[in-house]
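Make a model of the complete structure from these sequences and hints.
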Amino acid sequence: MDFSVVNKMLFEGSIGQEGGFLHNIELFAVTLLAALPLGLIIAFGSMSKFKPLKLFTKSIVWIIRGTPLMLQLFIVFYGPGLVFGTPLFVGAEGRMKAAAVAFIINYACYFSEIYRGGIESIPKGQYEAGQVLGMTKAQTFFRVVLLQVIKNIVAPMSNEFMTLIKDTSLARVIAVVDIIMVAESFSAKGIIWPLFYTGLYFLIFCGALTIIFNKIEKKLSYFKS
Amino acid sequence: MAILEVKDLTKSFGKTEVLKGISLSLEEGQVMSVIGSSGSGKTTLLRCINFLETADSGLITVDGDVIFDGNDKKKRKAKETREKQLKIGLVFQQFNLFPQYNVLDNVTLAVKLKAKDRPDYKQNRKQILKEIDEKALRILDDMGLSEKINNYPCELSGGQQQRVSIARAMALEPKILFFDEPTSALDPELTGEILRVIRELAAKKMTMVIVTHEMTFAKEVSDYIVFMDDGVIAEEGKAEDVINNPKTERLQAFLSKISD
Numbered sequence: 000m001d002f003s004v005v006n007k008m009l010f011e012g013s014i015g016q017e018g019g020f021l022h023n024i025e026l027f028a029v030t031l032l033a034a035l036p037l038g039l040i041i042a043f044g045s046m047s048k049f050k051p052l053k054l055f056t057k058s059i060v061w062i063i064r065g066t067p068l069m070l071q072l073f074i075v076f077y078g079p080g081l082v083f084g085t086p087l088f089v090g091a092e093g094r095m096k097a098a099a100v101a102f103i104i105n106y107a108c109y110f111s112e113i114y115r116g117g118i119e120s121i122p123k124g125q126y127e128a129g130q131v132l133g134m135t136k137a138q139t140f141f142r143v144v145l146l147q148v149i150k151n152i153v154a155p156m157s158n159e160f161m162t163l164i165k166d167t168s169l170a171r172v173i174a175v176v177d178i179i180m181v182a183e184s185f186s187a188k189g190i191i192w193p194l195f196y197t198g199l200y201f202l203i204f205c206g207a208l209t210i211i212f213n214k215i216e217k218k219l220s221y222f223k224s
Numbered sequence: 000m001a002i003l004e005v006k007d008l009t010k011s012f013g014k015t016e017v018l019k020g021i022s023l024s025l026e027e028g029q030v031m032s033v034i035g036s037s038g039s040g041k042t043t044l045l046r047c048i049n050f051l052e053t054a055d056s057g058l059i060t061v062d063g064d065v066i067f068d069g070n071d072k073k074k075r076k077a078k079e080t081r082e083k084q085l086k087i088g089l090v091f092q093q094f095n096l097f098p099q100y101n102v103l104d105n106v107t108l109a110v111k112l113k114a115k116d117r118p119d120y121k122q123n124r125k126q127i128l129k130e131i132d133e134k135a136l137r138i139l140d141d142m143g144l145s146e147k148i149n150n151y152p153c154e155l156s157g158g159q160q161q162r163v164s165i166a167r168a169m170a171l172e173p174k175i176l177f178f179d180e181p182t183s184a185l186d187p188e189l190t191g192e193i194l195r196v197i198r199e200l201a202a203k204k205m206t207m208v209i210v211t212h213e214m215t216f217a218k219e220v221s222d223y224i225v226f227m228d229d230g231v232i233a234e235e236g237k238a239e240d241v242i243n244n245p246k247t248e249r250l251q252a253f254l255s256k257i258s259d
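Keeping their order, the protein sequence lines are chains A and B.
Using numbering that gives the first Met the number 0, read the first sequence as starting at 0 and increasing by one per residue.
Using numbering that gives the first Met the number 0, read the second sequence as starting at 0 and increasing by one per residue.
Do not take every clue at face value.
Straight-line Cα separation of at most 27 angstroms, DSSO-like style, residue types lysine-lysine; simulated pairs [what the hints assert, rightly or not]: (1) A:Lys136 to A:Lys7; (2) A:Lys136 to B:Lys73; (3) A:Lys218 to B:Lys111.
Rather than coming from a laboratory, the hints here were simulated on the basis of the structure.
Structure, rendered in structure tokens:
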């Protein structure tokens, strides 16, 4: 089979098997878009002074981080059907939605812990300085604390981003057509190299992420916390 | 009339009584030093006056305005607290500068945020911001920092950082400026420059309250010295009297320990 044909199919799938690496990228982008803000909300919940909320949030984070993402994919996809009698996620689009829900919840919990660490590492004196200078709590957070938090979490975040793009392949357990699933359809026909070749896609993607994160890190290196 | 008046201030952390009824008053333009061994409650006193801790009971008045009343249990609005907060300034032991801002922005940030509340802010925005910058530059010049305005805190020595934090507090034009052991985090050879700045402020009749371990400096720069011991004011009086002729045994013991 022609290399460029295989390459095209790995990237965007084929008729009857739409998807490929585009699905990996879609899942990556959708997860980040929703999980980055959701993670911040969870982080504030787990730092709350209101004990029940704190306990509730921490339990959720414990459960999500303590069980395999693959299992969570199954639960999100099959769960609604078992509980309500009719499946919530139907067809290729439904499978993608189910995968997105599972990924968003899972990654938001991991992000929340990164945010929490970043926020708690800011010395109390920064908040006190904001207060004695007559700044509001919101001003102190957005004008003083936030950029220091971002600087602190760049490195752990870059780790999570890289894990995420590779994790997107897991969605194939609920039959979301991703690049590895396409590649496997080739090996079923006796052509094995496309399966190994998919690694290159992930390598290049992670390489680009590394470059972007290095740039951010460099941009924030002008000050020390 | 006294510009600062504190009456029967008490504060406990759990079962530990840190302030056991502190009363003091300070006239405008005067400098008061608060001395005492660590654990005597002097930093807690400072933090209570500056709203960083809430005292349990007592009364604090600044410039005729009650900023804390232990009998008034209803919660004050955040905005009101901020306005009262701005009557007093605080210089921290650990500077607490904002690392991501350069020297000039550290000094102007809070002033510029506060200026947004002015009714004429929208029309005169440029003019107002320009005036704030100019004033900050004058203050920084007084502190001998005009060459460092574009530097970031991590590029400065401890003494320079502390001078920036004094400038930052001064930019808000507080009625009283408090110092929490302003030289304790500095190398000995750097304490001189901070003491010089404080001396200059005293000469300009800035009202100041200084918590310090620098006995000779306290004696030289202050009008009044308060010696705290175990949560109470054990002795107070004119600076020379307190240092040269301590009356209580506790102060005598403290001073002889310091001079060793």
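Hints, verified against the model:
1. For the given pair, Lys136 of chain A sits about 52 angstroms from Lys7 of chain A by alpha-carbon distance, which is inconsistent with the 27 angstroms threshold.
2. Under the criterion of a C-alpha separation no larger than 27 angstroms, the hint pairing Lys136 of chain A with Lys73 of chain B is consistent with the structure, at around 20 angstroms.
3. About 25 angstroms separates the Cα atoms of Lys218 of chain A and Lys111 of chain B, which keeps this hinted pair within 27 angstroms; it holds.
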